[in-house]
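Colleague: Based on the sequences and whatever the hints tell you, model everything.
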Amino acid sequence: MYRSTHVPINRRSLLKLGLAAGGAALAARYSFAAPAASQSRFVFIIMRGALDGLSAVPPYADPDYARLRGELAIAAPSGTDGALALDGFFGLNPGLQFMHEAYGAHELLVLPAVATGYRERSHFDGQDVLENGMTQPHATQTGWLNRALTNLPSANRRGRESGVALAQNVPLVLLGSAEVASWSPSVLPDLDDDTMRRIADRYATDPLLARRLAEALATGSEQAEQASAPTMASEAAGGQAVQPVARSTAGRYTETVRTAAGFLRRDDGPAVAVFDTTGWDTHFNEGGAQGQLRTRLSVLDQSLRTLKETLGDVWPRTVVLLATEFGRTAAANGTRGTDHGTASAAFLLGGAVAGGRVLADWPGLSARALYQQRDLKPTLDLRSVMKSVLHDHLQISAGVLEHDVFPDSGTAPYIAGLLRSHEA
Amino acid sequence: MSLDYSSAVAANRFGLGAKPGELGVIGTDARGWLEAQLRGPAPVLPATGLRPSTDILGDAAAIRKQLQSQRRAAAGGAAAAGPGVSSAAGSSEALALVMRLPQFLRPIYIAEVQARLRNAVATERPWVERLVYFWSNHFAVSIDKQAVLGVAGSLEREAIRPHVLGNFRELLLAVEQHPAMLLYLDNQRSVGPNSVLAQRAARRERTLGLNENLAREILELHTLGVGAGYTQADVTSFAKVLTGWSLGGGDGAGPMQAGVTGQFLFRPQLHEPGAQTVFRRNYDQSDQAQGRAVLNDLALASPTARHIATKLARHFIADDPPPAAVARIAQAFERSGGDLPQVYRAVIACEQAWQTPLAKYKTPQDYLLSIYRGLQLPVADGPRSIAGFDVLGQRQFSPGSPAGWPDRSDDWDGASALMKRIEFADALAQRLGGARTVADLGPQLLGATYSDETRTSLQRAVTDGQALTLLLTAPEFLRR
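As you go down the protein sequences, you meet chains A and B in turn. Every letter in the first sequence is one number past the one before it in our numbering, and letter 177, counting from 1, is 197. Every letter in the second sequence is one number past the one before it in our numbering, and letter 47, counting from 1, is 64.
A hint or two may mislead.
[Said to hold, decoys possible] From the derived model, a few chain B residues whose C-beta atoms are all more than 12 Å from chain A:
| # | residue |
| --- | --- |
| 1 | D46 |
| 2 | R48 |
| 3 | T224 |
| 4 | Q348 |
| 5 | L394 |
[Unchecked claim] Coverage of chain B stretches by chain A, computed from C-beta distances (three or more under 8 Å per stretch; other residues unrestricted):
| # | region |
| --- | --- |
| 6 | 236-249 |
| 7 | 292-299 |
| 8 | 483-493 |
[What the hints assert, rightly or not] Computed Cβ-Cβ distance ranges for the label pairs, DEER-style:
| # | chain 1 | residue 1 | chain 2 | residue 2 | range |
| --- | --- | --- | --- | --- | --- |
| 9 | A | P227 | B | Q85 | 57 to 63 Å |
| 10 | A | D428 | B | E110 | 57 to 63 Å |
| 11 | A | Q393 | B | G93 | 45 to 51 Å |
| 12 | B | Q85 | A | G102 | 26 to 32 Å |
Worth flagging that the hints you see were computed from the coordinates, not collected in a lab. For each residue, glycine too, the CB sits at the ideal point set by N, CA and C.
Modeller: Next comes the structure, spelled out in structure tokens:
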């Protein structure tokens, strides 16, 4: 039962979203989930630092865009440095070659004006809200994804852990009562079993350490052969010169993505993987069609290609959500960069995504349309997107989503139709 | 039997981890031992050969200039040779060029981290040294921005160490005027929209303007703290106030070349003229005096006192510090006008800091420093001696954001991070082999927190190496 309204507004074929159905009972707006599409995989990539959505998804046809952006503006498709064409109004940053191919293959859904419920401009609080799924920072010590995993239906539960963080420590979004693993490559030799057993004995009376050690042993041994980590290993071994950003970051992301794919491909592996990308805080010398941000986007883009290749036959059952804590100012600042803003772009990528579309109730960039006269105004709540993925893809029930995962999210209704129809 | 944990708490929670013999020195007067460290000179690093930031930035600027002229020459040569002539040799030369700056900066970074580590191993004032680290993290810069790779260490040496036993106001001013902070948060190029320079640029149809980064992070992270009630308008006004806070020796022509390269310089032609309102107060001073006045007021504001008190209490008492302790420390801050030794005394005076030993999970930095101190490990030259920080997950001066490293247990107690510690401890113990007598090390390093379980586990170990692994991975050694 699709209740979100597909309204082709004009040739941009924007999908009109938002609060039109505000009074309706929330549960009624969920479409009925079909019998569990088993073995769905979900990857959440956090873009920490506040991605400049207007550069990642340039609205080159917006009449105010070029004026606001000056030398940061990315031109219309055509020419070597133009945007990659999407729908005649929006383009993709020229660094996002793979994403563009995915768009053509109907595997990328572009969300150009989204935000969480957070409306201040602190990175750290903004990331907290992005991960806690509430409207206020520090409102809870658990993450929305963990709360969802606590209620994961058995069809999507294969191994002991339902989620894995590709990080030494579990980020907030995965903290909570559901068991999750954390994994990052080790550069140190393995211990002998006897020493390990003695350590485990000693931790028996220390609940936290006992639990952490058990988690580490469970994920470590099985991953050891699957993930060779030469790039990170040599980097972590210290002593290497600081590489030009692109090279070392590319190595790290590729390694992370391969490892994530290794987990997700396993029969008894987790359904969900989370990892971070950083460096999006472009206050200075951001660049436009060329430059710093494009380089970083291109590095990320290459790792997404690797993710698809490595996931292989699991890709058709995969959804990747890429999101950031907030966007950046609509206008360039005084140092060829952008300052902290409000709405940004997010992406849904993967074989299970009903892609090839740009989803926006585009607010425009005129002075009157900007939030507080400075930022792109959000017209879609990220929690709506998250709800839709969790519901349609991981079969989390409407009740759980509204009460446990995203309490107080009445203003962020579930949207049907973001994923391919067999998903829901 | 009631155990006296105070010497172990003093050495391991307030200090950097006990050296052998330290607990004996502390004896029964743990507070007196801490108090004595607050008297005496600022904790400068012993002679290290480390260079001032101005020298480092001067040399870096010279290298950059050289690179530019070589690039220009190369581009000219390629054009003269005609299309299609660029060769493989050309690209390897280009790579060598690109690497020249990191090759200059990286050894400086390594030397800074080594000097700091050596000092931590040796110091007799580990509580003051921990306070240096606390402020260094409060005023964090991160070397993933190459601009600060060479000067992250000098920020600590030049701005923090001289003021760690002084007044917060002076500490704040020294940090915000240090080149590392100005570069890290992009202020050196922030231009007032109505400044002389912006107007001149506008006539040539170029736009110059504000960069809010430094202003925002001062309010949010360095002083008032998020949630103190300041607005976007305050951030913008404060950014205008700070326009002109820059560095000497620009690459442009004319007046931008003024000043000593890499040294703080107020540039009047970048400064936004006129009065500004920041956090409900009006500032009509001109030039640099305006920014100093705002910083002075911010330094002494009540929300700043609470913000700093909360962070200190979290660092020295518990992840969720008792409100009474926070209030007490904040009050000492306010009453003394930001006199830091009085603030630190209030921390020591909090009973709660002494009541629950091992309440804090060590960060990787804490963990590594306590191993180095406990075993009195030498710090060799060369990059390998500091690789432990990277392996354990806390590469020095690289928190990745101006918020610094987090300071709660669950930020650090991940499964993978624990495994790294175990593997690291074991690799070290294997390397040291039987060269250490581990038997008395436990009580020497852990005092009353040394548990019977760990004692038993060490006694049953089959080799000294294994015993050392078991000591360094014991629950009480992973916490402070």
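Colleague: Confirm or reject each hint.
Modeller: Do the hints match the structure? See the list:
Separation of B:D46 from chain A is adequate, the least Cβ-Cβ distance of about 31 Å exceeding the 12 Å criterion. Remark: the non-interface label on B:R48 is consistent with the geometry, its nearest Cβ contact in chain A lying 29 Å away (cut-off 12 Å). Annotated as non-interface, B:T224 brings its C-beta within 12 Å of a C-beta of chain A; the closest such distance is 6 Å. No Cβ of chain A comes within 12 Å of the Cβ of B:Q348; the nearest lies about 24 Å off, and the non-interface call holds.
The beta carbon of B:L394 sits about 16 Å from the closest Cβ of chain A, which is more than 12 Å, so the claim that it is off the interface holds. By the rule of at least three residues with a Cβ nearer than 8 Å to a Cβ of chain A, the coverage given for the region 236-249 of chain B holds, with 3 such residues. For the region 292-299 of chain B, the stated coverage by chain A is violated: 0 residues have a C-beta nearer than 8 Å to a C-beta of that chain, whereas at least 3 were required. With 6 residues carrying a beta carbon less than 8 Å from a beta carbon of chain A, the region 483-493 of chain B meets the three-residue requirement, and the given coverage holds.
Evaluation of the 57 to 63 Å hint for A:P227 and B:Q85 yields a pass: the beta carbon distance comes to about 59 Å. A C-beta distance of roughly 60 Å is found between A:D428 and B:E110, which places it inside the suggested range of 57 to 63 Å. For A:Q393 paired with B:G93, a C-beta distance near 46 Å keeps the hint of 45 to 51 Å intact. The hinted window of 26 to 32 Å between B:Q85 and A:G102 holds, with their beta carbons roughly 29 Å apart.
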